[in-house]
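K.L.:
One letter stands for each residue in the lines below.
Protein chains: 2
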Amino acid sequence: MEHYDLIVIGAGPGGYIAAERAGHAGKKVLLIEKDNLGGVCTNWGCIPTKSLLNSSKLYKKALHSEAYGVTAEKVSFSLKKAMAHKQDTIETLRKGIAFLMKSNKVDVIFAEAQVTSPKTVQADGKEFSFDNLFVASGSTAFVPPIPGADLPHVLTNEGILQIEKLPENLVVIGGGVIGVEFASFFSAVGVKVSVVEMMDEIIPLMDGDFSKALRKSLSKVDFHLKAKVTKIDASSVYFEKDGAETALPADTVLMAVGRRPLTLGLETIGVDVAPQGIRVDEQMRTNLPGIFAIGDVNGKSLLAHSASRMGEVAVNTILGQPDRMRYGAVPWAVYTDPEAAGCGLTEAQAQEQGYKVQSASVPMRANGRFLAELGKKEPGMCKVVVDEESGLLLGVHLLGVYSSEIIHSAAGMLEMELRVQDIKEIIFPHPSVSEIIKDALWAL
Amino acid sequence: MEHYDLIVIGAGPGGYIAAERAGHAGKKVLLIEKDNLGGVCTNWGCIPTKSLLNSSKLYKKALHSEAYGVTAEKVSFSLKKAMAHKQDTIETLRKGIAFLMKSNKVDVIFAEAQVTSPKTVQADGKEFSFDNLFVASGSTAFVPPIPGADLPHVLTNEGILQIEKLPENLVVIGGGVIGVEFASFFSAVGVKVSVVEMMDEIIPLMDGDFSKALRKSLSKVDFHLKAKVTKIDASSVYFEKDGAETALPADTVLMAVGRRPLTLGLETIGVDVAPQGIRVDEQMRTNLPGIFAIGDVNGKSLLAHSASRMGEVAVNTILGQPDRMRYGAVPWAVYTDPEAAGCGLTEAQAQEQGYKVQSASVPMRANGRFLAELGKKEPGMCKVVVDEESGLLLGVHLLGVYSSEIIHSAAGMLEMELRVQDIKEIIFPHPSVSEIIKDALWAL
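First to last, the sequence lines map onto chains A and B. Its first residue numbered 1, the first sequence is counted upward by one per residue in this note's numbering. Its first residue numbered 1, the second sequence is counted upward by one per residue in this note's numbering.
No lab work stands behind these hints, which were simulated from the structure alone. Among the clues, some could well be false.
Note that the list lumps identical chains together, so a pair holds whenever it fits in one copy or between two copies.
Only pairs whose alpha carbons sit at most 25 Å apart, straight line, appear in this in silico PhoX-like list of lysine-lysine [as the list claims (entries may be wrong)]:
(1) Lys377 to Lys95
(2) Lys95 to Lys376
(3) Lys80 to Lys192
(4) Lys424 to Lys105
(5) Lys226 to Lys424
(6) Lys74 to Lys60
(7) Lys105 to Lys27
Whole structure, please, built from the sequences with the hints as guidance.
P.N.:
Set out below in structure tokens:
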């Protein structure tokens, strides 16, 4: 039985980063992946959706740039070509991860892994022992028991990334990040899209002002809030709202109501597994010595970059270097058109937590670069949330172009616990949309 | 004679920000501007060039997005429409500044200002006295005494922003930021562009690896380095290189060899004026009590955002709040296609300053978002410069899409004096090009 210092199950952004770091530190590492390197993020999530959303943004620009001096005729969108580029991007990234594993001397097995005891894992017909095990097995789309949910035209994120022609009528069940990103893409390329959401607003992690503004910005998408899907058949999705039933025509349905951790039956060997995922401490340790759970599988923060950071924390822990997973400065971004992003507390969260909240919102159309590139009508804004007593920054919220590339600075500011005065002394480049953060702080 | 707490000469990004902040703090402020609100930045610099560069980037995308699924026919570029949008952007921003002045109770006079004594200013036929004077009169394009430099087709930044049809052959004299940005714009929309630069590389403020990479990326532009322009006539620009003379055909010439401070003859009232600008201390004070010089006119850092920060420092100083202008974390960005940006020390500067330098460069094509949006062939890279002894970050350098929106975080990191280990613990959103900074730090 071959022995490894570390076995990692799952080659997503939690698992492969952990394997890379541990391999780099000289550990003997085995990475076991049942599908492709990169996990959901690279193959069925972050990367393919961003590739498609970029294509739809290019389509919109080719259609609507006359005001900027650029005209074109017969602008057309090819799903086939967009999908081919998406696939090429995925394959290039997979190769990159394979190269990283090789250069950090990580052994890789493509097989289902089974944890056979608190000290052993089986895969590809062999058994391996370990000092440490990182369970980074991720999550899968949850399909609720709605009548008709098993029909062939009801797809999850994986299925919809493999379609060969555009739907005519797409109904998205679930107004979270995944559902809304696909709604943005498909509506931009001419598909009639409806989103049905049970809650009273889309994307619950967003500051309320922003989720509402984003919803209104996606003006081609038909949103149904506080609406409960009751049934799906071959041609329609039925939902109930305020006691009345409505049927939406649908040749394709995207099920995007949430995700469930893939806990690999670990409770059978004594791992403490809760419904939302494997229970872990701040170092990602489970209740069993040497077994860690990182990424979606612990249910703490279902984001690729959280998984990667958890992987680093777990590696540092087995290397004896003090580290701790912190959730207060995890940025998020939604790559819709317009983009949205945020980090830290929303205004409502800050109030709930008892802060004396000060906040300010400024529109992006007062920003020089935004105005130069998008004119006066496109949506965009920035809100900052501050603790009035200490002057500490608590949250930054963005809607508009470049939001996803700007928000990392807010993660840094929150992680470093900067006060408003500190940030006012940082020099932001002009003209950039990033200046909006400083402008919002001055508007307080 | 009306008295003001503060008189500001020049309504550029130094002057108008200072007037706004001082007005907001309750000071009685007069702002005197000889031309339009916003100064060179809004009217003849940052804003119009970014507006035009955005148009040329849209044109390129409309032409070359087939790989992403977007095709178009008869793609055409209209200088007239691009110029109209540029003008509209300028006018909107001017109105915004006028509104800011009004809401902060700043009086504005449109006239030439003359400083008649260390306590008085004349403008529009009236004389005003002041407690404090901020000279924010900016700079103007330097036109060297080259034979033919006064011909009508030899333009500076102001002239070239008013042309009504595209040149056929444009020669840009000077490979600094201004020259290279215009070269990027005009070459992208089909103009044959040559750049003649005396030094051995373009854009001296850039890390050497980056200026070279940027030059090579602008593959449609014909660069002539170590070349000295000797003469301009109606149809050509002549330069000497390695003893040989060459003539470049030119129906339009852009003179972009540098800028000169507009010091308003202040030496006559006793202000200490050096050739590069008015001498100031860290609080922007000149040698005369109550007289400050901010922005291009002091020659310290010819960037709009430096001017704004200088304005804030000067205002804080007259308000009795301790503050100090620091130049170590001033970001810069070049909005060419591809963009470039940087903050802090280049590798060469760090070595000159005696640091034990550690540096790492990573290509953007290893970045998920970059690959999804730009594919494998577009140029892009990030270099980090670190002090090996302390682990302190010394500089960040970027080439590629989004650089200008990413670099502000580096300004924050440098201002806060973060070490590599601190930055590694910041969570960057995935997928974003901004992650490249973290990847470069891990590559050290």
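K.L.:
Against each hint, give a clear statement of whether it holds in the structure.
P.N.:
For each hint, the structure was consulted:
{"no.": "1", "hint": "Lys377 to Lys95", "result": "between (42 Å within a copy, 16 Å between copies)"}
{"no.": "2", "hint": "Lys95 to Lys376", "result": "between (43 Å within a copy, 13 Å between copies)"}
{"no.": "3", "hint": "Lys80 to Lys192", "result": "within (19 Å within a copy, 36 Å between copies)"}
{"no.": "4", "hint": "Lys424 to Lys105", "result": "between (46 Å within a copy, 22 Å between copies)"}
{"no.": "5", "hint": "Lys226 to Lys424", "result": "neither (41 Å within a copy, 41 Å between copies)"}
{"no.": "6", "hint": "Lys74 to Lys60", "result": "both (13 Å within a copy, 16 Å between copies)"}
{"no.": "7", "hint": "Lys105 to Lys27", "result": "within (9 Å within a copy, 66 Å between copies)"}
Of the numbered hints given earlier, the model fails hint 5 alone.
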